[in-house]
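J.: Each chain, written out:
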Amino acid sequence: MRMTRFRIVAVVTAVALLFAAGEAAAYRMIQNASPGRTSTGVRVQCSDPGGFVHWNRSQVEMRLNVANQGAKPGVPLAIQHALAAWTGVTPAGYTLTYGGTTSSGFTTDGVSTVLWSTGNGCAGSCLAITALVLGPGQVIQEADVSFNDAYTWNTNGSDYDVEAIAAHELGHCMGIHHTELTKPRNRPTMYTAYFGPDGRTLESDDRDALNCAYSRYLLAAIIADDDGSATPGEPGTGVALHSRVRDGHATLRYALHRPGDVRLDVFDIAGRRVTTLVSGTRGTGEYEVAWGGETRMGMVRHGVYFARLETPEGHDVAMLLLGP
Amino acid sequence: MLYKRRVFPCVLSLAAIVSLAAPASATSLVRRGIESLSRDNETIVQASVVDIHSYWNPSHTFIFTDVHVRASKKFKGDAADDLSFTVMGGTVGQTTTLIVGGPDLAPGSEYVLFLSRTNLPGTPARLTVRDLCQGVFAVRHGRAVSQAAGEPLLPDAQGSAEAPGGADGLPLETLAQQIRDAK
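Read top to bottom, the protein sequences are chains A and B. This note's numbering applies: residue 1 is where the first sequence begins, and numbers increase by one. This note's numbering applies: residue 1 is where the second sequence begins, and numbers increase by one.
These aren't lab readings, by the way, just hints derived from the structure by calculation. A portion of the hints provided could be inaccurate.
As the list claims (entries may be wrong) - Taking lysine to aspartate or glutamate pairs in the DMTMM-like style, the calculated list, with each CA pair at most 25 angstroms apart, reads:
(1) A:Lys183 / A:Asp198
(2) A:Lys183 / B:Asp168
(3) A:Lys183 / B:Glu162
(4) A:Lys72 / A:Asp198
Unchecked claim - Covered stretches of chain A (in silico footprint by chain B; criterion: 3 or more residues with CB under 8 angstroms from a CB of chain B, positions within the stretch not fixed):
(5) 37-50
(6) 86-94
(7) 102-109
(8) 201-208
Since the model is a prediction, treat every value here as computed from it, not as a measurement. Even glycine gets a Cβ: it sits at the ideal position worked out from N, Cα and C.
All chains should be modelled from the sequences, with the hints used to inform the complete structure.
T.: In structure tokens form, the structure reads like this:
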């Protein structure tokens with residue numbers, strides 16, 4: 001695969017930015033310890049040269065085992081809300097979906113499962129535990145979450161809150177370890193201890209962690225793609241966003257095979273939306289959109305940005321490097 | 001992995017709760033001190049890891065790792081000098097099962113281990129490190145350093161937020177005395 005000079009510069013710049021951001025961040029990622037010892041997760045920064053556990057696809061499906069307290073009313077919805085919290089992180093393009101119920105357990109069977117049990121090594125003060133099944137290269141193949149069925153679980157906001165703890169464990173499922181933040185308010189969901197239903201919502205530290213995973217692994221695939229298009233592990237979704245940057249201006253190109261609502265947003269590397277380039281119904285055909293860094297607040301600074309396209313046929317992400 | 005939060009009411013209220021609850025979930029504290037670790041685990045040894053063996057269980061549904069250790073000191077229980085216990089996770093071939101927050105045990109290294117029997121996936125009452133990373137102290141230069149050191153634990157009833165001994169660990173003699181005091 002040919003790598004143009006632009007892409008080499010883009011990769012170096014993006015990596016430098018990511019590493020600079022990673023050093024100051026409090027979030028930590030899960031690194032698989034070296035073989036030859038028991039396997040636990042080592043907490044590392046985003047920039048750690050040893051990398052960390054990650055998915056190599058953007059679609060992650062979780063199923064619910066309705067045995068024990070998994071059968072409680074409201075549990076499926078609570079799990080779906082927790083999945084939605086991580087799906088909503090941008091520019092990371094992960095989609096965590098609810099796959100319905102399953103009879104699978106805390107086992108390696110290719111089915112990522114949330115379940116309630118007292119027999120999965122989570123006892124005493126442990127409320128829930130996550131097991132990640134990894135393939136070569138620290139790629140996550142399956143993630144199972146076992147809630148401690150010895151506790152009484154609730155979905156009405158009282159302790160112990162299913163949605164809050166599901167959000168936390170799903171963070172582990174996405175390769176995120178406990179944060180090092182210990183502040184008393186606005187705690188990240190990846191705080192090490194349960195702090196009530198406030199844990200349902202993600203904080204910037206949580207979002208930065210997921211964006212880190214996305215940038216380091218899925219975005220790498222995007223950058224390495226020869227024509228700059230983004231296909232982060234979802235071939236065949238029928239939508240692709242192509243980007244080209246020349247003379248400090250970006251051109252974004254996409255095609256629609258059927259009419260529908262389209263949204264094209266640009267985000268900075270911290271995940272903040274800086275502008276919306278397209279929002280509305282578009283007909284079948286090919287489209288090109290130019291962007292030179294303009295926003296309602298003025299011109300953005302030079303640097304790395306991400307464009308995210310959402311259509312009825314799927315979504316895609318492309319990286320933009322705005323320079324002088 | 002997620003632990004319960006600290007209960008914030010005063011120590012007296014907490015003590016009342018503690019006195020009424022079962023030992024394994026006696027408090028809602030995150031941090032586990034030597035006293036509670038000693039009380040809630042049936043076997044406590046200082047031991048070197050001789051070898052580890054990871055394997056699929058018979059139904060090929062979970063990877064376990066048997067840890068074979070040689071005990072040099074026994075603080076609690078009547079374990080044999082050569083002792084084996086099981087932890088969840090491990091690597092077999094190209095597949096790894098990783099337990100977030102689990103114990104990290106390397107052959108050739110020495111640890112103080114807090115062990116008890118509990119249910120593991122598909123296998124009841126296995127001797128294991130029930131308290132995961134809080135149940136393992138690495139022995140280095142005469143000191144024992146908790147594998148939970150560095151984890152942002154919440155304070156316990158005594159106001160301690162650090163794993164016992166913190167990053168520097170405890171002198172082994174101090175740890176041994178605390179275990180004896182707790183029994």
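J.: What hint numbers does the structure not satisfy?
T.: 6, 8
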